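Number of protein chains: 2
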Amino acid sequence: MERVLSSELSSHAGERIMMAGWMHRIRRLGSGMVFVHLRDRSGICQIVVEAPEAVASIDGLLVESVIQVEGTVVAEPQAAGGYEVHDPSFTVLSPVTEALPFPINKPVINAHLDTFLDNAMVGLRAPSKQAIFKLSAAVAHGFREVLDGKGFTEVATPKIIGSASESGANVFAIEYFGKQAYLAQSPQFYKQMMVGVFERVYEVAPVFRAEPHQTIRHLNEYVSMDAEMGFIKDHTTVMALLTDVIRGILSYLTTHSARELELLKVEMPLAPESFPHVYFPDAQQWIFEHHGEDCRGEPDLAPQHEKWLGEWAKETFQSDFLFVTGYPMVKRPFYTAPNPDDPKYSNSFDLLFRGTELVTGGQRLNKFEDYARALESRGMTQEAVAGYLETFRFGMPPHGGFAIGLERFIMQLTGLTNLREAVLFPRDMERLQP
Amino acid sequence: MERVLSSELSSHAGERIMMAGWMHRIRRLGSGMVFVHLRDRSGICQIVVEAPEAVASIDGLLVESVIQVEGTVVAEPQAAGGYEVHDPSFTVLSPVTEALPFPINKPVINAHLDTFLDNAMVGLRAPSKQAIFKLSAAVAHGFREVLDGKGFTEVATPKIIGSASESGANVFAIEYFGKQAYLAQSPQFYKQMMVGVFERVYEVAPVFRAEPHQTIRHLNEYVSMDAEMGFIKDHTTVMALLTDVIRGILSYLTTHSARELELLKVEMPLAPESFPHVYFPDAQQWIFEHHGEDCRGEPDLAPQHEKWLGEWAKETFQSDFLFVTGYPMVKRPFYTAPNPDDPKYSNSFDLLFRGTELVTGGQRLNKFEDYARALESRGMTQEAVAGYLETFRFGMPPHGGFAIGLERFIMQLTGLTNLREAVLFPRDMERLQP
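Protein sequence lines, in the order shown, are assigned to chains C and U.
Using the numbering used here, read the first sequence as starting at 128 and increasing by one per residue.
Using the numbering used here, read the second sequence as starting at 128 and increasing by one per residue.
Excised from the complex, chain C in its bound form (with noise of 0.2 Å):
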């Protein structure tokens, strides 16, 4: 008999069926009548357990059992999707006699974060927790689909790189057969090399950075959705590009994600057609104006800056993304382009989410002699990046991209307190277990 799914029993009304799954939630009455809550891929539905031999037959199982049920599929206005089955027959096919760590079956889990993560291999089939996951996945579909359609080629770099060359004290070190290897906290610079071959390349994959912070918002590694685009005209061109990006994962979220924006009562952001953008000197003197802080002259932001500017964005131009464009030349990495007109600030952004930064791009340097001036005049050696340079040595045109961190996307979307929350085995400077 073929497997049907709880989504599925519409379709069978009157039908013998056959169904598996996870017994999510188990009420036995004193009458004997027994409540089967039945979980699979799709969904819940209930299963009304009567006649004493079944009942029988499933005496004993905790929640989280694994079976499989035969029964009849009956219309019942009060049941949660307008079916339940009834007269079920049962084969366990794993049975559970250990209470879980926390349950799992609530609308709310109530375990403290630590102790969730150090379950997480059953927390995480909490329907909610599920919904994280599944928003998370078509966030990096969405987010495919959409470059995709504008010509661009996945790329696969590599994540053992051979010299520490973006920023050498937060990388990881890796023995590598004697030698000494490091694990790429970005794919930077061989995006920036795919553009060469491809002009428009991307890549969803794990980064891995070794700073010591530990806070609510960062992780030691975590999944980076890069893009690098050629024959841009500048940065604005990036803004653009991430503008369609974001408005399209949102549009595919919409589409296809429906009953994980419900389950987790998402409020979509609002995304107009063109994001608001504010220069990097602008956004100072307004926070000074309208703040009463001075951080007129400083080469960054805070965090209670960028969540000033989010309020701002959102009364303003009812938009829960802004652009800061021109970040100081001194903040940012070698490989920046500077504002021709400006040149102590960037042709670079941040793209703040709800207050926060989401994204960091903007444009590079595209040829060999700005490099080596970009290098000599930070101190930094042209050995260190050589495999990198020589690109610029054979014709690179302008080029530029942005890295959005998924997890932080999925944390700003769904109002999550902890990133941690947003990926399915975090990683931070205490935690690598599960």
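Honestly, the hints are just simulated from the structure, not real lab data.
Misleading hints may appear alongside valid ones.
What the hints assert, rightly or not - Taking lysine to aspartate or glutamate and the EDC-like style, the derived pairs with C-alpha atoms no more than 20 Å apart in a straight line are:
| # | chain 1 | residue 1 | chain 2 | residue 2 |
| --- | --- | --- | --- | --- |
| 1 | C | Lys306 | U | Glu338 |
| 2 | U | Lys306 | C | Glu177 |
| 3 | U | Lys306 | C | Glu338 |
| 4 | U | Lys306 | U | Glu510 |
| 5 | C | Lys360 | U | Glu338 |
| 6 | U | Lys494 | C | Glu225 |
| 7 | U | Lys306 | C | Glu302 |
| 8 | U | Lys471 | U | Glu425 |
| 9 | U | Lys277 | C | Glu135 |
Claimed, not checked - Residues on chain U that point at chain C, a partial pick, calculated with CB under 10 Å:
| # | residue |
| --- | --- |
| 10 | Glu191 |
| 11 | Asp275 |
| 12 | Pro285 |
| 13 | Ser290 |
Quantities reported herein were computed from a predicted structural model and do not represent experimental measurements.
Just so it is clear, CB atoms sit at the ideal spot from N, CA and C, and this is done for glycine as well.
Fit chain U to the known structure of chain C by using the hints.
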């Protein structure tokens, strides 16, 4: 003016257009006339340069210079796409004045593999090289598309892991904030745990193997396309899934990658609706009878054995794919489910593609007691795999899965002689750059 791609010329006949790209080939005639092949992400087209000032404006430029061109589209039956560009005026975006390490505008790249890999950032620009990686991206897309259509959820599992659990000897060690961590050699444990959450999961991500092998078919970092599903009958359910995946990928390539398949002269594999399969000891018996080599009782097949079996499958079943099932338990990892009727052999399989192992898969154990027994019989401790083991206390259905090596698929499909040619920036014992 909007940029027009070289593949779009036919829609602009007679128009003045703007193009941009790389000077792929430059032929300067004695008459002063110059023929430029312009390469962009869509292909290559020819620009005919006659006017002396236009000729002068590209004087001295070497191939790979990046240019922008305005010109008139003219029908020319002799030209590659039936159209070429006349009366050009050029803007040089990024001049090249050095010779390439080797020419990249020939049908065959004439460079030693090491030289090629040292200069991959330019070598990969060659159309035949581009095509390999376009195909590679399409294989990953096809893989995801098939599984998305079957209710699979994409997951991102950690690459930094806390214990070298799966097979201690072959993992890279990382310094992790004063602790020892490792690079994941596969997402095996995590994808199994995720069967408890989503029933059906897949991941396309890098894996890391610290094996000190120096062969044409092994690398220390590669992309693994992993899938795992619950509620299977046994390994045959997984084999049926894998057959659909392989056929789905091939069909995806036929639809989306016609240009690359043609350029690389790919002979599409024979992939019947159902792939032939042979039981491990029967394969050994067949080898003994037909090739006179007595490998009966050996725990594994040698490459030559696989080759013979591949030839047999092709001749007898018109299939480039062959399942070998029932590998001896002694050669399979502890989580492998035994064949209940013949417990020395396993419910696992390899899929040979043109006589070479492409995929390994099978049914896994799904009950805690069976894991406990399997670990004990192999002299392994439960502590080493504690987090993973917990999963099986809390209800896991019969499940199984497989892992396809993306680069190996491309190597076998396109007839490459070295796996390194199927990776943008390969990592082997000697190579960490670029």
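Hint check:
| no. | hint | verdict |
| --- | --- | --- |
| 1 | C:Lys306 x U:Glu338 | 14 Å, holds |
| 2 | U:Lys306 x C:Glu177 | 55 Å, violated |
| 3 | U:Lys306 x C:Glu338 | 14 Å, holds |
| 4 | U:Lys306 x U:Glu510 | 18 Å, holds |
| 5 | C:Lys360 x U:Glu338 | 46 Å, violated |
| 6 | U:Lys494 x C:Glu225 | 13 Å, holds |
| 7 | U:Lys306 x C:Glu302 | 14 Å, holds |
| 8 | U:Lys471 x U:Glu425 | 12 Å, holds |
| 9 | U:Lys277 x C:Glu135 | 15 Å, holds |
| 10 | Glu191 | 4 Å, holds |
| 11 | Asp275 | 8 Å, holds |
| 12 | Pro285 | 5 Å, holds |
| 13 | Ser290 | 8 Å, holds |
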